[in-house]
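*Asks:* Since each chain comes alone in its own frame, lean on the hints to assemble the complex.
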Amino acid sequence: MSLASALKTRDVTELPGKRDEDWRWTDLRGLIRVLPEPSPRFTGDVPAGLFDRLAADHHVLVNGGDARIEVAAGRKSLAALRLVSRGAGAHANRVTITLAAGARLRLLETYESDAGSVSQTTLSITLAEGAALERIVVAQDHEDAITVSQAEVQLAPGADFGQTIAASGARRQRLETRVAHPGGRASLRLDGIYLLADKRHSDQTTVVTHDGLDGTTIQLTKGVVRDQARGVFQGRIIVSEGADRTDARMGHHALILSDRAEVDAKPELEIYADDVSCAHGNTVGALDEDALFYARQRGIPETEARAMLTEAFIGQVVDRIWFEEARNVVRGWATRALGV
Amino acid sequence: MLSVSNLRATVGETEILKGLTLDVPAGEVHAIMGPNGAGKSTLSYVLTGRQGYEVTSGTVTLEGEDLLALEANERAARGVFLSFQYPLEIPGVPALTFIRTAMNAQRKARGEAEITAPQFLKLAKAKAAELKIDFEMLKRALNVGFSGGEKKRMEIFQMAMLSPRFLILDETDSGLDIDALRIVADGVNALRAPDRAMLVITHYQRLLDYIKPDRVHVLSGGRIVASGGPELALELEREGYDKYARAA
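Here the protein sequences come in this chain order: A and B.
Be aware that the first sequence starts at 1, since it is given in this note's numbering, and climbs by one per residue.
Be aware that the second sequence starts at 1, since it is given in this note's numbering, and climbs by one per residue.
Incorrect hints may have been included.
Stated by the list, open to error - So these bits of chain A aren't anywhere near chain B, every CB distance computed over 10 Å:
1) Thr9
2) Thr122
3) Val276
4) Cys278
5) Trp333
Claimed, not checked - Okay, the calculated beta carbon distance ranges per label pair:
6) A:Ala56 - B:Gly52: 24 to 34 Å
7) A:Ser277 - B:Ser57: 52 to 62 Å
8) A:Gly65 - B:Glu71: 53 to 63 Å
9) A:Glu289 - B:Pro118: 30 to 40 Å
10) B:Thr116 - A:Glu289: 28 to 38 Å
11) A:Glu268 - B:Arg140: 26 to 36 Å
Read the hints as simulated data drawn from the structure, not as lab findings.
Keep in mind it's a predicted model, so treat the numbers as computed, not measured.
The beta-carbon is built from N, C-alpha and C at its ideal position, and this holds for glycine as well.
Here chain B stands alone, though its shape is the one from the complex (with noise of 0.2 Å):
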C-alpha cells in the first residue's frame, strides 16, 4: 500500500533521512523503532506534507499514486492519517466541529456528499462510546485542557471518525497509563483490517505488547538498518539500540 524508496529529506541545512526504503502492504501493520534522532518524526511529517521538511531526493506513494506531489490536506483526504506525538490544541474550536468540518473536507475532495449532522452525531456517539470518551468533552475546545492521556484518545478518536486507509501512530503510547493504553490500543485494533496498513513509530516496546506489529524496522541515522518479525522488537528492547547506532 505505501511504499517509499530511497528517501532522503532535509530540515533546514540538515539532512535527517537519508535514503530511507520502506514497505507496507495492506493489511499490515509494521512497526518503526529507533533511538531518539533517528529521525522518526521526520518519517511522519515527510509523510504527511508538513512545511520545512524538504524531500530532496526518492518516492512515496500510496496505492502507487506519488503522495509527495500533494498538499497535506489532500494527502488527507486520500486516506493518509498521523496520529500526533504531540496533538495541538485548538482554542475556539469544539472538537465536534473540527472534526465535522474535517471530514466534510475530506468527502468534498473525494467528490462525495457531505454528512448530515443526524449521520455525524450518531456516528460521535457511538466511536466516543467505544473508546470510553465522554460525549460532553466533544463539546469542548479541541484537546484545550485535556490531559496528555485524553489527547491521545482524541487522536484515536479522530482516526476512528475519518476511518483513514493509512495510518501512523507517532509515539502514542507517551504519556498514556496502563488503561489508557488498553483503550488505545483497542481502538486501534479495532480499526485493522485488509484494506487498511498501519506505521506504528515507537521507541520503546511497550506499545507493541498491544498493537501486534507483523514486521518490525529500525530506524537509525535516517535509513532502515533492520527488519525483522516482532521478535526484533523484544530484542531491542532487551540489547537497546547500540549496535544499530554504529551500524548507521
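One chain only, chain A, in its complex shape (with noise of 0.2 Å):
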C-alpha cells in the first residue's frame, strides 16, 4: 500500500489508509477516491526558492521527475533540492543521494505547491564510511495540497546524519525518514518542526533500526497547532538484538493553541539488546501560563509575550541546525509561519 504504487496503477485501492497502522493518523485512502489526472509538464518559470542564495548545486523538479546527487569520496557539497508541484494534477519525483567514503554534503530541500496536487516524492540516501550529510528540509505546501515524501537512508559506520523538517503542513502531508543505523559509532539527529493553522495536517514520522554496537541517535521535534490544525508525530526507534551500547533519546513536545486543534503522537521504543541506553519524552499541552504572567508582570504585552514563548519554544529545534545560514533561513521561516 503505497501512494507511490497508486499514482502508477491509478487504482485508489493501493492508497495507505486508516488500516494500516502507519497511517491511521494520515488517511490518504479514505480522502482520495479519485487520482488526479497527472500533471502536465510544466514549461513556465517557477519563483526564487527558499535555499536559492546558498547553494552552488542546484535540482528543481517541477511536476514530477528525476534526480540524482552525487558527492565523490572526500568532496564537499552545497545543494538545493526543489519539488516543485505546479497546478493540481498527481506526479511523483524519484531522487538519488550517494555520498562515498568521507563526502560531505549539505541538502536543502524543499517543497512547494500551489494546489491541490497530489505528490509523491521517494528518496534513497547512501551514506558510506565516514561521510556526513546535513538535510534540511522546509516542506511550504499549498492548503490543498496532498504531499508524501518518503526518505528511505542507509548509514555506514562512522557516518553522521543530520536532519531537520520543518513543515507548515496541506490537506495531508506526510514526511517520513526511515534511517537504517549500523551502529559503529555512526551518529544520528532527526529533528522536525511542525507549525500548523487552519485546517492542515502534518504528518512527521520516523523510524530508526539499529542494528550495530555503538550508535547514536538523537531527535527532537516541537510542534505548535492552532485553529482547527492536525499534527502527527510517529517516531519509532528499534535497536536489533546485540545492538549494544546504542544510546538513543526521543524527545516531542507539542503546544496546542485552539480547542479544536489536535495533536497525534506515538513515540515507540522496541529494545531487543540489553546494554543500550535508550530514553523517550513527550509532552502535549498549552503555552505555560505561569511563564505567560511572568513576562507580562515584566512589562510585555500578552501578544508579545505569547509570541516570544512560542518562538522560542520551537527555536531550541532550529538551534541544533549546524550550517548557520540555514539556520538563519529556518529561524525566518517559522517567525512568518507563526505569524507573530
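*Replies:* Below, the structure is given as C-alpha cells:
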C-alpha cells in the first residue's frame, strides 16, 4: 500500500489508509476517491526558492521527475533540491543521493505546491563510511495539496547524518524518514518542526533501526498547532538484538493553541538488546500560563509574550541546525509561519 | 504611593483577601508578615494583575491611578515590579534578551524611545557587577538550570535594570544562603529612594535584619490585623503568629 504504487496503477485501493497502522492518522484511502490526472509537463518559470542564495548546485523538479546527487570520496557539496508542484495534477519524484567515503553534503530541500496537487517523492540516501550529510527540509505546501515524501537512509559506520524537517502542513502532508543505522559510531540526529494553522495537517514519521554496536540517535520534534489543525508525530526506534551500547533519545513536544486543534503522537522504543541507553519524552499542552504571567509582569504585552514564548519553544529545534546560514533561513521561515 | 482600601479577592470560589487596607508612602519600606495561608502571595498577585485572582470589592491605586483597571503589563510599565517567590524558567530566551524586551516594552508603553544596544549592554554590565552576577550567565536562557539563589539574584538584577517605582518582594530570602542574602539585600537597599516604595513579603524576620522596614504589618486571615514599627517583627519572631491567627 503506497501512494507511489497508486500513482502508477491509478488504483485508489492501493492507497494507504487508517487500516494500516502507520497511516491511521494520515488516511489517504479515505480522503482520495479519484486520483487527479497526471500533472502536465510544466514549461513556465518557477519563483525563486527559499535556499537559492545559499546553494551552489541546484536541482529543481517541477511536476515530477528524477534527480541524482552524488558526492565523490572526500569532496564537499552544497545542494538545493526543490520538489515543485504546479497545478492540481498528480505526479511522482525519485531522488537518489549518494555520498562516497568521507564525502560531505549539505542538502537544502523544499516542497512547494500552489494548488491541490497529489505528489509523492521517494528519496534513497546512502552514506558510505565516514560521510556526513545535513538534510534541511522546508515543506511549504498549498493548503489543498497532498504531499508524501519518503526517505530511505542507509548509514555506514562512522557516518554522520543530521536532519531537520520544518513543515507548515497541507491538506495532507506526510514526511517520512526511515534510517538503517549500522552502529559503529555512526551518529544520527532527526529533528522536526511543525507549525500548523487553519485546517492543515502534517505528519512526521520516523523509523530508526539500530543494527550494530555503538550507534547514537538523538531526536527532537516540536510542533505548534492552532485553529483546527492536526499534527502527527510517529517516532519508532528499534534496537536489534546485539546492537549493544546504543544510545538513543527521542523527544516530541507540542503546543496546542486552540480547543479544536489536535496532536496525535506515538513515540515507540522497541529494544531487543541488553546494554542500551534509550529514553523518550513526549508532552502536549498549552503555553505555560505561569511563564506568560511572568513575562507580562515584566511589562511585555500578552500578544508579544505569547509570540516570544512560542518562538523560543521552536527555537530550541532551530538552534540544532549545524549550517548557520540555513539555520537563519529556517528561523525566518518559522517566524513567518507562526505569524508573529 | 500605594494605597489599598478594603480589598476583597477570591481565587476560584475561595475568598482569600477579606477587606485588606494598606498604605505605603513614597520612600518607605513596609514588611508584610504572616503565617502560611494568610494571603501573602495572593496579595502580590492581586497587586500585579495575575489572571485567576478576582477582585470582588475595594480599590488599589498607585499615586492616585487605579491599578485594578490596568493589565498586568500596563501595571509593570507604571513601575510595579514583583520579585517572584518562585521565578519562572524561560527556555530558549536568553536573560539579556528577555530583560531588553521587557525594558523596551515598558518604554514604549510610556511613550519613551527604545534603549540602544550599547546603552543596554553598558547598564547590564554595571548592574551585573554590582550584584556579583557572572555576565556569561546573562547570555543563557533565563533561569534555566539556575540554582534557587541564582534565580533570586536574577530577580534583583531585573529589578535593578527596570528601575521600578513600586517593588514587591515575595519571600525573596527563601532559598538563599547568608552570602547570597547579603548580596540580594544590598541590591534591594541600593534601590531605596525617596520616590520609590517597597513591600517586603516574608514569613521570617531574618530578611528584615538586612532590609530594614519602616513599618511592619501582620497579615492574617486575609486582613491586616496589626501594624507597628520594626519591633513588631522581632515580637513575631519571639512569640509566633498564634495570637494574630486567633484575632483573625
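*Asks:* Which numbered hints are broken by the structure, listed smallest first?
*Replies:* Of the numbered hints given earlier, the structure breaks just one, which is hint 6.
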